[in-house]
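Trainee: So the chains spell out like this:
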Amino acid sequence: MQQTRPDLGAASSYSFPKPERVRVGNGTVVAVDLPGQQLISLRLVHPFGGAVEPLDAMGVTALTSEVLEDGPDGNSSLAPALERYGAEWVARANWDGFITGLDAPINRLGDAVGLFSDAVRRPALKADDIVRRRDQLLERFWLEAASASTLAMRSLGGQLFTGRYATPLAGGPVKLADITPERVAAFHADTIAAYAGTLVVVGDLSGVDLEELGRGVFGDTAAVPERRITEPAPPPGELPRVLVVDRPGSVQSALVIAHRAPSRSQVELPRAEGISEVLGGMFTSRLNMELRERLGYTYGAGSRFDLRRDSGVFFMSTQVEASTTAHSVTSSFEQIAKLRASGVTEDELAAVRESNIVGLPVAYSTARAVAGALVDIVVHDLPDDNVDRVRAGYEKLTAQDLNSAAVEYLRPEEAVVVVVGDAESLRGPLTETGVGPVEVRSPESLWS
Amino acid sequence: MHALVTTMGTAGRVDQYTLDNGLRLVTAPASTGQVASVNLWYGVGSRHEVPGRTGFAHLFEHLMFQGTGNTEKGDHFDAVERLGGDINASTSTDRTNYFETVPTHALDLILWLEADRLATLREGMTQEVLDNQRDVVKNERRQRYENQPYGTALERILRLAYPVGHPYHHPTIGSMADLDAADLDYVKSFHKLHYGPDNCVLTIVSDLESADVLARVEKYFGHIPARDDIPEVPDPVLRVPMGGPVRDSVTETVPAAGVFIGFRVPAYGERGHDAAQLASAVLGQGQGSRLYRSLVVDRPIAADDGGAGADILPFRYTDSLLLVNMLAREGVDGDILEKAIREEVAKLADGIADDELERARAVLERDHLHHISSPSGLADTIGSCTQLFDDPELAFTWPRRWADITAEEVRAAAERFLVDENMLVVRFDPEAEA
Numbered sequence: 001m002q003q004t005r006p007d008l009g010a011a012s013s014y015s016f017p018k019p020e021r022v023r024v025g026n027g028t029v030v031a032v033d034l035p036g037q038q039l040i041s042l043r044l045v046h047p048f049g050g051a052v053e054p055l056d057a058m059g060v061t062a063l064t065s066e067v068l069e070d071g072p073d074g075n076s077s078l079a080p081a082l083e084r085y086g087a088e089w090v091a092r093a094n095w096d097g098f099i100t101g102l103d104a105p106i107n108r109l110g111d112a113v114g115l116f117s118d119a120v121r122r123p124a125l126k127a128d129d130i131v132r133r134r135d136q137l138l139e140r141f142w143l144e145a146a147s148a149s150t151l152a153m154r155s156l157g158g159q160l161f162t163g164r165y166a167t168p169l170a171g172g173p174v175k176l177a178d179i180t181p182e183r184v185a186a187f188h189a190d191t192i193a194a195y196a197g198t199l200v201v202v203g204d205l206s207g208v209d210l211e212e213l214g215r216g217v218f219g220d221t222a223a224v225p226e227r228r229i230t231e232p233a234p235p236p237g238e239l240p241r242v243l244v245v246d247r248p249g250s251v252q253s254a255l256v257i258a259h260r261a262p263s264r265s266q267v268e269l270p271r272a273e274g275i276s277e278v279l280g281g282m283f284t285s286r287l288n289m290e291l292r293e294r295l296g297y298t299y300g301a302g303s304r305f306d307l308r309r310d311s312g313v314f315f316m317s318t319q320v321e322a323s324t325t326a327h328s329v330t331s332s333f334e335q336i337a338k339l340r341a342s343g344v345t346e347d348e349l350a351a352v353r354e355s356n357i358v359g360l361p362v363a364y365s366t367a368r369a370v371a372g373a374l375v376d377i378v379v380h381d382l383p384d385d386n387v388d389r390v391r392a393g394y395e396k397l398t399a400q401d402l403n404s405a406a407v408e409y410l411r412p413e414e415a416v417v418v419v420v421g422d423a424e425s426l427r428g429p430l431t432e433t434g435v436g437p438v439e440v441r442s443p444e445s446l447w448s
Numbered sequence: 001m002h003a004l005v006t007t008m009g010t011a012g013r014v015d016q017y018t019l020d021n022g023l024r025l026v027t028a029p030a031s032t033g034q035v036a037s038v039n040l041w042y043g044v045g046s047r048h049e050v051p052g053r054t055g056f057a058h059l060f061e062h063l064m065f066q067g068t069g070n071t072e073k074g075d076h077f078d079a080v081e082r083l084g085g086d087i088n089a090s091t092s093t094d095r096t097n098y099f100e101t102v103p104t105h106a107l108d109l110i111l112w113l114e115a116d117r118l119a120t121l122r123e124g125m126t127q128e129v130l131d132n133q134r135d136v137v138k139n140e141r142r143q144r145y146e147n148q149p150y151g152t153a154l155e156r157i158l159r160l161a162y163p164v165g166h167p168y169h170h171p172t173i174g175s176m177a178d179l180d181a182a183d184l185d186y187v188k189s190f191h192k193l194h195y196g197p198d199n200c201v202l203t204i205v206s207d208l209e210s211a212d213v214l215a216r217v218e219k220y221f222g223h224i225p226a227r228d229d230i231p232e233v234p235d236p237v238l239r240v241p242m243g244g245p246v247r248d249s250v251t252e253t254v255p256a257a258g259v260f261i262g263f264r265v266p267a268y269g270e271r272g273h274d275a276a277q278l279a280s281a282v283l284g285q286g287q288g289s290r291l292y293r294s295l296v297v298d299r300p301i302a303a304d305d306g307g308a309g310a311d312i313l314p315f316r317y318t319d320s321l322l323l324v325n326m327l328a329r330e331g332v333d334g335d336i337l338e339k340a341i342r343e344e345v346a347k348l349a350d351g352i353a354d355d356e357l358e359r360a361r362a363v364l365e366r367d368h369l370h371h372i373s374s375p376s377g378l379a380d381t382i383g384s385c386t387q388l389f390d391d392p393e394l395a396f397t398w399p400r401r402w403a404d405i406t407a408e409e410v411r412a413a414a415e416r417f418l419v420d421e422n423m424l425v426v427r428f429d430p431e432a433e434a
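Protein sequences appear in the order of chains G and S. Quick note on numbering: our numbering labels position 203 of the first sequence as 203, and the sequence is numbered without any gaps. Quick note on numbering: our numbering labels position 241 of the second sequence as 241, and the sequence is numbered without any gaps.
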């Protein structure tokens, strides 16, 4: 017989696993034991992201991260060596961190970690390898930017910031060309080789000696220095405004509406993330319901914060059928205005609270996900129980908190609208929206 | 003797049941607590579509989220999202799957939602949601195919690989014209024809006892009747070889010349398929692969793809496709790259070293292990192994299939299948600068 819809029972309480911290030499191992998880996730975190690069070496972090894959013997030998252990190399430079690591099966961890340490601390850094990687990275910039949504996201930095953030993380298609092999070697020697960093280890650690692991990875490196934070200034120009990046013949437009936001340490996370979830963080959020589920303009629309140590960005993004571009822009602004004016519904508040309270076992159901949370904790100097603290923040969250967050954190009057699409057909309709002045640029002109 | 990379600790703790209405249930333990992953594999995909109705299985997948006899449009997504759960669905040639990962206490609600849309979808379907989701899917097509450089590659590959009228000739996304032609009656008949408990494998990965899970599934799904009629499946037999090389050359706005090469290889599940998969890993999976070493590092004429130059598109009911794809470096002509790739492919037939094969096995095992290391990945793999092979344990033991395949067997597979007569080429070249 057909059943009636069941009521949800009570959720079990969840606590993020308490990490074990082991100080080894000048570094720290931060470990979480997940019995039964045969794949170990290992991440070495250094606080040398793109944000602290000198302006005459933009892209050196990203390039170094790539070059490490050439390994201690050079000539792209690292990944094949790790592949034989069933291990996977992880290297990721973002704005605030330089992260290297491995995902490896537990029974091959020792071999793989030996190779990993050599790769991070003692890479060959051959000039030929570096030039090859640099040229590949330069070419890849335009290969990837041939996708409209990628081009739109990369166009954003120059609209919101001066200084380092105005150029894409990997140095863009121009600045990176100036990075020499000597510059990469010097950067590596002064940062990744010199400083211990923090080693995150997650998985079934029953047979793993964390001190030995730490000794192998840290050696006699120094403790990482303090970082200085300075907030970058915005570029001149009227706000809000519209930038059309011309992509002739596009059947869809990639649309990003973005503005600056406070830094990670300045925002109250449950309020900020909560209001973003109501607007565009979930499938059932307002933007997706309007642009996809009511109007049928898009395959999906969303929003989120990109919160860095010294500043932040809030953005909404979607790809819409070309002829609906202008209406998609005005509809998005209407959704923000409505949220700011009328606030959230009780149902939306409940969804935000519940999803961030009871959903944690789902969010952290793999070693990789737990390792990701620990990396976040290290990069942003957060307490080890950060996940539980944030959850506690959601437990206390009220409609009033979200309503004030809508006004405080959503700033349409400071927004830049970036549209990647067919400029000839878009300029008129976008001008008619009255959002702000419309400027048309070619992609090639953005990073000269 | 090759040793498996790791022990598959969960093997042997899988339980399988068949309900009276034909629903197959598989349960397995999760390696982290407090979550339940639910995965339904329905045995319907784009191979079941008839001419004039391409893209329908996938459009239908969208409609499964649009309300039922007992729920409103959007309810299903909303219920899972407010649990902080993961939810989605996907359609391929061979199947459509729906999946959720939620905190364990929500398992009953998920089972009810899934059973409800299986039993009462037709009562909630309206012209309005059909029209809306048709627009959404058309935008999905624009986003993934038409507005992406090389986005039409797969469509072109399938067109060359399988003859007109063959059920794999068209891509799952379908054509704009056929999407326009979808009507409400056909939506309802499609549900009746394909969505029955007897056409579903339900996999649940959780930390609950399997008897407990079975009782819950009986409660929510037990009343749903099996289908009256089993639909005929369009004939997937290939009667003539490809007769290659067959080509499709495209000149359009792309950032670099792109080479896509395909070969028909044995169907997924056959030993010849496993040998071909190892050949593809030797050739183009990982940075130790031949294509990466030769064309990205040594020469270097191909763009750095991190070692993803070759892979297999697995089809259970007809020949699979071994696909090779690389993009040219700046200033490198597409012809040069194509010739170099074809030379590397041809060299496989000259012999494969044991250490190359070891690396290839390790890469495939690693990827398999990664996939089953999350509860949702494990549920998906079990669903696949049960739906396609009626053997859930294969999810854990699959890497053993590669263990006793020799370098000579892989070489012989390359010699047999990776030949010009069995080859398709799709070439993209940038428009000449004005």
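Keep in mind that the hints were calculated from the coordinates and are not lab data. Mixed in with the good hints there might be a few duds.
To be verified - List of simulated lysine to aspartate or glutamate pairs, DMTMM-like, C-alpha gap at most 25 Å:
#1 G:175 to S:207
#2 G:175 to G:135
#3 G:126 to S:420
#4 G:126 to S:228
#5 G:18 to G:388
#6 S:219 to S:390
#7 G:396 to S:86
#8 G:338 to S:78
#9 G:338 to S:72
#10 G:396 to G:432
#11 S:219 to G:204
#12 S:339 to G:139
#13 G:126 to S:235
#14 S:339 to S:298
#15 S:347 to S:390
#16 S:192 to S:248
#17 S:339 to S:404
#18 G:338 to S:75
#19 G:175 to G:444
#20 G:396 to G:384
#21 G:18 to S:235
#22 S:188 to S:248
#23 G:175 to G:381
#24 S:339 to S:248
#25 G:338 to G:413
#26 S:188 to S:235
#27 G:18 to G:204
#28 G:175 to S:330
#29 S:339 to G:246
#30 S:192 to S:146
#31 G:396 to S:390
#32 G:18 to G:211
#33 G:396 to G:381
Trainee: Between residue 347 of chain S and residue 390 of chain S, does the CA-CA distance stay at or below 25 Å?
Mentor: The given pair, whose Cα atoms are some 37 Å apart, is violated under the 25 Å limit.
Trainee: Given the proposed pairing of residue 396 of chain G with residue 390 of chain S, does the C-alpha separation stay at or below 25 Å?
Mentor: violated, 49 Å
Trainee: Assess, step by step, whether the Cα of residue 192 of chain S is no farther than 25 Å from the Cα of residue 248 of chain S, and give holds or violated.
Mentor: Not OK: residue 192 of chain S and residue 248 of chain S at ~39 Å, beyond 25 Å, violated.
Trainee: Next pair to validate is residue 396 of chain G with residue 432 of chain G; report whether the Cα-Cα distance is within 25 Å.
Mentor: Not OK: residue 396 of chain G and residue 432 of chain G at ~43 Å, beyond 25 Å, violated.
Trainee: Would the hint linking residue 175 of chain G and residue 207 of chain S be met if the CA-CA limit is 25 Å?
Mentor: Roughly 52 Å separates the two Cα atoms, so the pair is violated.
Trainee: Within a Cα-Cα threshold of 25 Å, do residue 396 of chain G and residue 384 of chain G meet the stated pairing?
Mentor: Answer holds: residue 396 of chain G to residue 384 of chain G is near 20 Å, not above 25 Å.
Trainee: Hinted pair, alpha-carbon criterion (25 Å max): residue 175 of chain G, residue 135 of chain G. Please report holds or violated.
Mentor: Within the cut-off at roughly 12 Å; holds.
Trainee: Under the criterion that the straight-line Cα-Cα distance not exceed 25 Å, is the pair residue 175 of chain G, residue 330 of chain S satisfied?
Mentor: It holds: about 18 Å lies between the C-alpha atoms, which stays within 25 Å.
Trainee: Are residue 188 of chain S and residue 248 of chain S close enough, with their CA atoms no more than 25 Å apart?
Mentor: Judged against 25 Å, a Cα distance of about 38 Å means the pair is violated.
Trainee: Tell me if the straight-line CA distance from residue 338 of chain G to residue 75 of chain S falls inside 25 Å.
Mentor: holds, 23 Å
Trainee: Hinted pair, alpha-carbon criterion (25 Å max): residue 219 of chain S, residue 390 of chain S. Please report holds or violated.
Mentor: holds, 24 Å
Trainee: Check the hint pairing residue 188 of chain S with residue 235 of chain S against an upper bound of 25 Å on the C-alpha distance.
Mentor: With Cα atoms ~24 Å apart, residue 188 of chain S and residue 235 of chain S stay inside 25 Å; holds.
Taken one by one, the earlier hints fail for this structure at numbers 1, 3, 4, 10, 11, 13, 15, 16, 17, 21, 22, 23, 29, 30 and 31, listed in ascending order.
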